[in-house]
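Residue numbers (the working numbering), protein chains in the order written: chain A, 1 to 157; chain B, 1 to 174.
By construction, these hints were calculated from the structure, which means they are not laboratory data. Be aware that one or more of the hints could be misleading.
Said to hold, decoys possible - Taking lysine-lysine pairs in the DSS-like style, the calculated list, with each CA pair at most 27 Å apart, reads:
1. B:Lys114 / A:Lys73
2. B:Lys114 / B:Lys37
3. B:Lys128 / B:Lys114
4. B:Lys37 / B:Lys60
5. B:Lys128 / B:Lys60
6. B:Lys128 / A:Lys73
7. A:Lys96 / B:Lys37
Spelled out, the chains give:
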Amino acid sequence: MRRIGFGLFGLWLALAAPPSLCAASSPEVEARTREIAAELRCVVCQSLSVADSPSDMARQMRELVREQVAQGKGRQEVLDYFASRYGEFVLLSPEKRGFNLLVWGLPFVGLVAGAFGVYAAARRWTRRASGEEPPPIDPAYTSRVRRELEERAQGRE
Amino acid sequence: MAWKKLLIPLAAVPVVLLLAYGFWTDPRSIPSPLVEKPAPDFRLTLLDGSAVSLRSYLGKPVVLNFWASWCYPACYEEAPHLEAAWRAYRDRGLAVLGVAIQDTEASAREFAQKFNFTFPNGLDPGSKISIDFGVYGVPETFFIDRQGRIAAKHVGALSPGALDGQIRGLLARP
Numbered sequence: 001m002r003r004i005g006f007g008l009f010g011l012w013l014a015l016a017a018p019p020s021l022c023a024a025s026s027p028e029v030e031a032r033t034r035e036i037a038a039e040l041r042c043v044v045c046q047s048l049s050v051a052d053s054p055s056d057m058a059r060q061m062r063e064l065v066r067e068q069v070a071q072g073k074g075r076q077e078v079l080d081y082f083a084s085r086y087g088e089f090v091l092l093s094p095e096k097r098g099f100n101l102l103v104w105g106l107p108f109v110g111l112v113a114g115a116f117g118v119y120a121a122a123r124r125w126t127r128r129a130s131g132e133e134p135p136p137i138d139p140a141y142t143s144r145v146r147r148e149l150e151e152r153a154q155g156r157e
Numbered sequence: 001m002a003w004k005k006l007l008i009p010l011a012a013v014p015v016v017l018l019l020a021y022g023f024w025t026d027p028r029s030i031p032s033p034l035v036e037k038p039a040p041d042f043r044l045t046l047l048d049g050s051a052v053s054l055r056s057y058l059g060k061p062v063v064l065n066f067w068a069s070w071c072y073p074a075c076y077e078e079a080p081h082l083e084a085a086w087r088a089y090r091d092r093g094l095a096v097l098g099v100a101i102q103d104t105e106a107s108a109r110e111f112a113q114k115f116n117f118t119f120p121n122g123l124d125p126g127s128k129i130s131i132d133f134g135v136y137g138v139p140e141t142f143f144i145d146r147q148g149r150i151a152a153k154h155v156g157a158l159s160p161g162a163l164d165g166q167i168r169g170l171l172a173r174p
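The following block holds chain A by itself, in its conformation from the complex:
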C-alpha cells in the first residue's frame, strides 16, 4: 500500500512539474547549448571557447545561451546575438563572406597549387628516366673518351 502511495506521489511530482522547467534542463537543450557555446570565444580568456572556459563571464554567457536555446532560438540566431554585441571577434570561426573568404579559400588554393607542383615535378622526372631524347653530347668529350680508351688499350699491350 505504501509502495503504491510512493508511486502515486512520484506520478504527481512528474505531472506537477512545470513544463518550462523540463524544457530548460532537458539533455537536448544542454547539448545544443554546448554546441553553440563551443563556437563562441570567451571574451575574458586567451583562446578558449565559452564552452571550455571556467571563468565566471563564460559561465554567465553559457547561461544566456541556454536561456535562448530554451526559448527555441536557433544556432544562427544565438550567434548573431553575440556578434551584434561583441562584434565578429566573438565568433571562433569567421563568417564566410568578404575578406574572410580568404581564410576559408586560401588553404584549398594552396592545396591545388601544391598538387599541381607535385604533378609537374613527377612528370619531369619520369620523362628524364625514360630517356626518350638523350641530351646531345659535346663532341669534345666523345673524342676525349675515345682517345683515352685507345691509350689504355695501347698501354696494356
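Take the given structure of chain A and dock chain B to it, following the hints.
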C-alpha cells in the same frame, strides 16, 4: 632563369604582410558594433534597493560606467573622476549610471562609499547587462545621447580630460 629563384622569396611577401597586419593590430581595440546604435534597455536594481530602467533616461545624455570593486587599480583611478564629472554636469541634465559587474553587494557598497558615489549604482546579477553591452572587462564606459543612441565607447580608465571631452560631445548632440 633568375626570376625563378626569386619566386620563393616573392611568395613569402604576402604571408609576411598578412602577419605584419595581424601583429600590429591591437586585439583589445575591437570596435564595438553598438556605437551609433540604440542602447539596449535594462532594469538596474540600485544599491539602495530602488530600481531604474535606462529607458526612463530618454531625453538625457547618460554616462554608463561598468566597474567592479575587484578592478584595481583602473576602477579606483577612474572613480573620483566619474563622481566629479557627475557633480559638474548634473545641472546641465547629464545622468551618470554605474553598473558593478561580477561583484558582491557588500564589496560594491563599500566601493561606492569609499568614493562617495552620489550617482545611482547597481549590481548586474548574471552579467546580463554587461553581455548585452558587449563588455569585455572593467572599466568600460558608454556615452549615450539624448535619443538613447550609443555615441561612443571607452575601454579602460577614463582620464579627467577624456571624460570631459566625451561629456561635452554628448551634450552637443541633439
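The hints, checked one at a time:
no. : hint                : verdict
1   : B:Lys114 / A:Lys73  : 43 Å, violated
2   : B:Lys114 / B:Lys37  : 34 Å, violated
3   : B:Lys128 / B:Lys114 : 26 Å, holds
4   : B:Lys37 / B:Lys60   : 16 Å, holds
5   : B:Lys128 / B:Lys60  : 23 Å, holds
6   : B:Lys128 / A:Lys73  : 17 Å, holds
7   : A:Lys96 / B:Lys37   : 24 Å, holds
In this structure, the earlier hints numbered 1 and 2 are contradicted, and the remaining ones agree with it.
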